[in-house]
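There are 2 protein chains.
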Amino acid sequence: MAKITKRSDDYSQWYHDIVIGAEMADYAPVRGCMVIRPWGYSIWERIQRALDDMFKATGHENAYFPLLIPKSFLEKEAEHVEGFAPECAVVTRGGDKDLEEPLVIRPTSETIIWAMYKKWIQSWRDLPLLYNQWCNVVRWEMRTRLFLRTAEFLWQEGHTAHATADEAREEAERMLGVYRTFAEEWMAMPVLVGRKSDSQKFAGAETTYTLEALMQDGRALQAGTSHYLGQNFAKAFDVRFQNKDGALEYVYASSWGVSTRLVGALVMSHSDDRGLILPPRLAPVQVVIIPILKAGADNEAIRAAAARFAEGLGEGVRVRVDDRDNVSPGWKFNEWELKGVPLRVELGPKDLAAGQAVLVRRDTGEKKPLPQGELAVSIPALLDEIQAGLFSSAKERLRTGCRSADEYAGFRRVLDETGGFVYAPWCGGRECEDRVGEETKATVRLIPDDAEACPACMVCGKGPAKRVPFARAY
Amino acid sequence: MAKITKRSDDYSQWYHDIVIGAEMADYAPVRGCMVIRPWGYSIWERIQRALDDMFKATGHENAYFPLLIPKSFLEKEAEHVEGFAPECAVVTRGGDKDLEEPLVIRPTSETIIWAMYKKWIQSWRDLPLLYNQWCNVVRWEMRTRLFLRTAEFLWQEGHTAHATADEAREEAERMLGVYRTFAEEWMAMPVLVGRKSDSQKFAGAETTYTLEALMQDGRALQAGTSHYLGQNFAKAFDVRFQNKDGALEYVYASSWGVSTRLVGALVMSHSDDRGLILPPRLAPVQVVIIPILKAGADNEAIRAAAARFAEGLGEGVRVRVDDRDNVSPGWKFNEWELKGVPLRVELGPKDLAAGQAVLVRRDTGEKKPLPQGELAVSIPALLDEIQAGLFSSAKERLRTGCRSADEYAGFRRVLDETGGFVYAPWCGGRECEDRVGEETKATVRLIPDDAEACPACMVCGKGPAKRVPFARAY
Numbered sequence: 002m003a004k005i006t007k008r009s010d011d012y013s014q015w016y017h018d019i020v021i022g023a024e025m026a027d028y029a030p031v032r033g034c035m036v037i038r039p040w041g042y043s044i045w046e047r048i049q050r051a052l053d054d055m056f057k058a059t060g061h062e063n064a065y066f067p068l069l070i071p072k073s074f075l076e077k078e079a080e081h082v083e084g085f086a087p088e089c090a091v092v093t094r095g096g097d098k099d100l101e102e103p104l105v106i107r108p109t110s111e112t113i114i115w116a117m118y119k120k121w122i123q124s125w126r127d128l129p130l131l132y133n134q135w136c137n138v139v140r141w142e143m144r145t146r147l148f149l150r151t152a153e154f155l156w157q158e159g160h161t162a163h164a165t166a167d168e169a170r171e172e173a174e175r176m177l178g179v180y181r182t183f184a185e186e187w188m189a190m191p192v193l194v195g196r197k198s199d200s201q202k203f204a205g206a207e208t209t210y211t212l213e214a215l216m217q218d219g220r221a222l223q224a225g226t227s228h229y230l231g232q233n234f235a236k237a238f239d240v241r242f243q244n245k246d247g248a249l250e251y252v253y254a255s256s257w258g259v260s261t262r263l264v265g266a267l268v269m270s271h272s273d274d275r276g277l278i279l280p281p282r283l284a285p286v287q288v289v290i291i292p293i294l295k296a297g298a299d300n301e302a303i304r305a306a307a308a309r310f311a312e313g314l315g316e317g318v319r320v321r322v323d324d325r326d327n328v329s330p331g332w333k334f335n336e337w338e339l340k341g342v343p344l345r346v347e348l349g350p351k352d353l354a355a356g357q358a359v360l361v362r363r364d365t366g367e368k369k370p371l372p373q374g375e376l377a378v379s380i381p382a383l384l385d386e387i388q389a390g391l392f393s394s395a396k397e398r399l400r401t402g403c404r405s406a407d408e409y410a411g412f413r414r415v416l417d418e419t420g421g422f423v424y425a426p427w428c429g430g431r432e433c434e435d436r437v438g439e440e441t442k443a444t445v446r447l448i449p450d451d452a453e454a455c456p457a458c459m460v461c462g463k464g465p466a467k468r469v470p471f472a473r474a475y
Numbered sequence: 002m003a004k005i006t007k008r009s010d011d012y013s014q015w016y017h018d019i020v021i022g023a024e025m026a027d028y029a030p031v032r033g034c035m036v037i038r039p040w041g042y043s044i045w046e047r048i049q050r051a052l053d054d055m056f057k058a059t060g061h062e063n064a065y066f067p068l069l070i071p072k073s074f075l076e077k078e079a080e081h082v083e084g085f086a087p088e089c090a091v092v093t094r095g096g097d098k099d100l101e102e103p104l105v106i107r108p109t110s111e112t113i114i115w116a117m118y119k120k121w122i123q124s125w126r127d128l129p130l131l132y133n134q135w136c137n138v139v140r141w142e143m144r145t146r147l148f149l150r151t152a153e154f155l156w157q158e159g160h161t162a163h164a165t166a167d168e169a170r171e172e173a174e175r176m177l178g179v180y181r182t183f184a185e186e187w188m189a190m191p192v193l194v195g196r197k198s199d200s201q202k203f204a205g206a207e208t209t210y211t212l213e214a215l216m217q218d219g220r221a222l223q224a225g226t227s228h229y230l231g232q233n234f235a236k237a238f239d240v241r242f243q244n245k246d247g248a249l250e251y252v253y254a255s256s257w258g259v260s261t262r263l264v265g266a267l268v269m270s271h272s273d274d275r276g277l278i279l280p281p282r283l284a285p286v287q288v289v290i291i292p293i294l295k296a297g298a299d300n301e302a303i304r305a306a307a308a309r310f311a312e313g314l315g316e317g318v319r320v321r322v323d324d325r326d327n328v329s330p331g332w333k334f335n336e337w338e339l340k341g342v343p344l345r346v347e348l349g350p351k352d353l354a355a356g357q358a359v360l361v362r363r364d365t366g367e368k369k370p371l372p373q374g375e376l377a378v379s380i381p382a383l384l385d386e387i388q389a390g391l392f393s394s395a396k397e398r399l400r401t402g403c404r405s406a407d408e409y410a411g412f413r414r415v416l417d418e419t420g421g422f423v424y425a426p427w428c429g430g431r432e433c434e435d436r437v438g439e440e441t442k443a444t445v446r447l448i449p450d451d452a453e454a455c456p457a458c459m460v461c462g463k464g465p466a467k468r469v470p471f472a473r474a475y
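For the protein sequence lines, the chains are A and B, in the order given. The numbering of the first sequence is the numbering used here, which starts it at 2 and goes up by one. The numbering of the second sequence is the numbering used here, which starts it at 2 and goes up by one.
Careful: at least some of the hints might be erroneous.
Remember, identical chains collapse to one label, so a pair may be satisfied in a single copy or spanning two.
27 Å max Cα-Cα, derived DSS-like pairs, lysine-lysine [claimed, not checked]:
#1 Lys202 - Lys236
#2 Lys98 - Lys72
#3 Lys463 - Lys202
#4 Lys7 - Lys120
#5 Lys119 - Lys333
#6 Lys202 - Lys295
#7 Lys72 - Lys351
#8 Lys245 - Lys72
#9 Lys295 - Lys120
#10 Lys368 - Lys119
#11 Lys202 - Lys119
#12 Lys333 - Lys57
#13 Lys333 - Lys245
#14 Lys369 - Lys77
#15 Lys77 - Lys120
#16 Lys4 - Lys98
#17 Lys4 - Lys120
Keep in mind that the hints were calculated from the coordinates and are not lab data.
Can you build the whole structure from these sequences, using the hints too?
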């Protein structure tokens, strides 16, 4: 069994130990890359399924665009190429020949998608296009942190085309809302939402909206972004449509994405020193039933009872019976705790005789016997309770993790003492933002819609200013 | 509305017209690459879902391995590198620097996966590993045929590791069976199964099993393959395990895959000169309800009735109401026929008054009025009937498409006159196989398990020989 470093000793090592120990992922032999192992991937599959259902319910369709993008496409949008070109992996040979034009592996797909939209959009009747794709992207990274920062990662990217600016902006905001609902209701992870500052926005966007979550160590994590792109890509790729008045107009756009990074966020939102804690709605296995087998004894009655319980739980509960006989019950307890399964049911000969089973909660560690007849009713209710409990603990952590400061000195003290989000007045200027970043490693995480007006920036002392959350971030 | 070339005029153009006209896919601005549009992608999503459920039901788990593979990995298995190196796209630059070692974009993932299996497999207790991944791969192709042959394509690749040769071979055969069941029960596409000849097997395999389908124009299409890899990759990556006797042994392997090519096979299995015909189980929309709206009239009652029917069909049926008012009913009929939706329900004011609707089958064109109250019962039954009907037509086509010849001259005549599979005696030698290929463009599609023994090869006249199906293929 893998040993897990304590969070209080080394948070970063603790994270690494859980991801490796729970067999969620591993380092690949290619620098910057990871392998997502079945336990981690099955969490990602559940994330995908839930989000995909939400995308379809809001009118989106999936499509697939090419992995390889001509380098010249990237160069058509000035900010975009500046932001992404330095991070690109470049294919220069194919089929044993040098290519005439190098191809980049998509770091994001706006350019190839808008090159296609030019073929498909002529009239207002062709709009909106509400497309999404699930795929891999590559951004050249040298420092790997499994799930959080890898050269290749999996994500979804929505790319929509609209006849008006209002509609495109509403779309970007709607999808931010979808992400927020997903984060809260599925990941049990509360988030702050708002706009990014100019320095932090997506290369090529007019506005970037962001979701920011708070990890247990007081660092922020950007969990997803949604961009209003205005007409920038339509202009770069000359995508115009005939509007209802018969005039030609450039198309308006949004794009939005979340990635396998969410799996890392999930780990750092709920887990403890014994391992992963998974919210039931995303747990690949919600209940593990462990028959207590004795070497040399006749274990058939116990095995049969375990199988019967599993069946009795019905299709609504994801259950696994762990009846391996080459590891001890204690070893199994530890393993499933490390893997974060929300509920464990222990079933030994004495339990069987007493008509009961022992139920153990992964989140609280609470252990109680329960009459066997009640399991099928109690377990679904308990899973809901655990989901709600994780969310309310996380909300409480976010609430207490949001602090306020007015002066720069006080700001720095709070940041160093407690971490978390520190709300402080900022004039909106790049210089002040950069200075805070250099001196404290904290960045403006977002600008809330309802940011409090303040008389003076904590850095330059000039006004008007707004109170915005700063944090050190992953 | 796109115009569809007749099959009898130009089969290849007919295929192209359907794929483009039904908005299944489009050519990408990158040579050899395609864009999968929502209609095509939603068919692929249904293929994925059905196969993925079957993989999981047979004990497999999904994982994800890196896109980029060090070139040296490919070179560790001699046949493998010979087969794949000439088709590779190669990344030579990353993050604005030349790479020390070039990385190839995976053409298939045996090498990177077995490099990881070396980390994960120590003992017989770690076996079997039954992993699958859904991903994109790149094999440098210059001639694009949408879905059938593209430089980048989507697929799944299963990679399993076993303690014994028998178990690995059984796995390869089991997955061939899964593919066959899928082809028959979901795609309504009958297949021949068997082993590939040595010249056609996967680079690095001991045995390649294949599924071969027959397209309407008499050409064969390889629909999927499953490989018994023996210990080839275990030896190349030094993956050994301690067996139950405590001795070290190389691990045995299988791999198996199907790709977006299946979408092309689907088109060429069932469609007609009016467009795509989709088997109901894979149709993104199974029933389209078209209210007959009149310009200037009050269409609310019709719209409401259409919505009511759609709801009445319940969750088991994928239904769409097409109540757009900027195109005519006739235009809609053509569009949904082109897109292959199995059933159309027309609902006009007179139908509404008469308490009926008009039901039109895409496969037979049959049109009949039906009392509205019977729709919810009739439609699911009719969808099953259509699925079964497509399969039995396709089986009949395969049956009549299999012919026999004993002499080479007769073989060539049958091949030219009728196409299809021509079963003829072959000695198993590479020279005879190559000569047939050069002279007729037909290849040995597979070697059936129960191939009939024949006294003499039709090419060299030597024996013993086996009767195997030759065909021209996609």
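For Lys77 vs Lys120, is the C-alpha pair at or below 27 Å within one copy, between two copies, both, or neither? within (17 Å within a copy, 44 Å between copies)
When no copy is named, should Lys333 and Lys245 be tagged within, between, both, or neither for a Cα gap of at most 27 Å? between (66 Å within a copy, 22 Å between copies)
Please work out whether the CA atoms of Lys202 and Lys295 approach to 27 Å or closer within one copy, between two copies, in both situations, or in neither? neither (60 Å within a copy, 49 Å between copies)
Cα distance capped at 27 Å. Does Lys4 pair with Lys98 within a copy, between copies, both, or neither? Neither: 49 Å inside a chain and 38 Å across chains, both beyond 27 Å.
Alpha-carbon proximity context of Lys119 and Lys333, limit 27 Å: between (56 Å within a copy, 24 Å between copies)
Status of Lys202 relative to Lys463 across identical chains (alpha carbons, at most 27 Å): within (24 Å within a copy, 73 Å between copies)
Is the C-alpha distance from Lys245 to Lys72 at most 27 Å within one copy, between copies, in both cases, or in neither? neither (35 Å within a copy, 54 Å between copies)
How would you label the pair Lys295, Lys120 (within, between, both, or neither) given a Cα cut-off of 27 Å? Result: close neither inside a copy nor across copies, 68 Å intra and 32 Å inter.
Taking 27 Å as the upper bound on the Cα-Cα distance, should Lys333 and Lys57 be classified as within, between, both, or neither? between (39 Å within a copy, 23 Å between copies)
Is the C-alpha distance from Lys202 to Lys119 at most 27 Å within one copy, between copies, in both cases, or in neither? For Lys202 and Lys119, only the intra-copy Cα distance (25 Å) is at most 27 Å; the inter-copy one is 42 Å.
Have a look at Lys4 and Lys120 and pick one of within, between, both or neither, based on CA distance no larger than 27 Å. Classified as between: cross-chain Cα gap 18 Å, same-chain 56 Å, threshold 27 Å.
At 27 Å max between alpha carbons, let me know whether Lys369 reaches Lys77 within a copy, between copies, both or neither. neither (63 Å within a copy, 55 Å between copies)
The structure is inconsistent with the numbered hints 6, 7, 8, 9, 10, 14, 16, although it conforms to all the rest.
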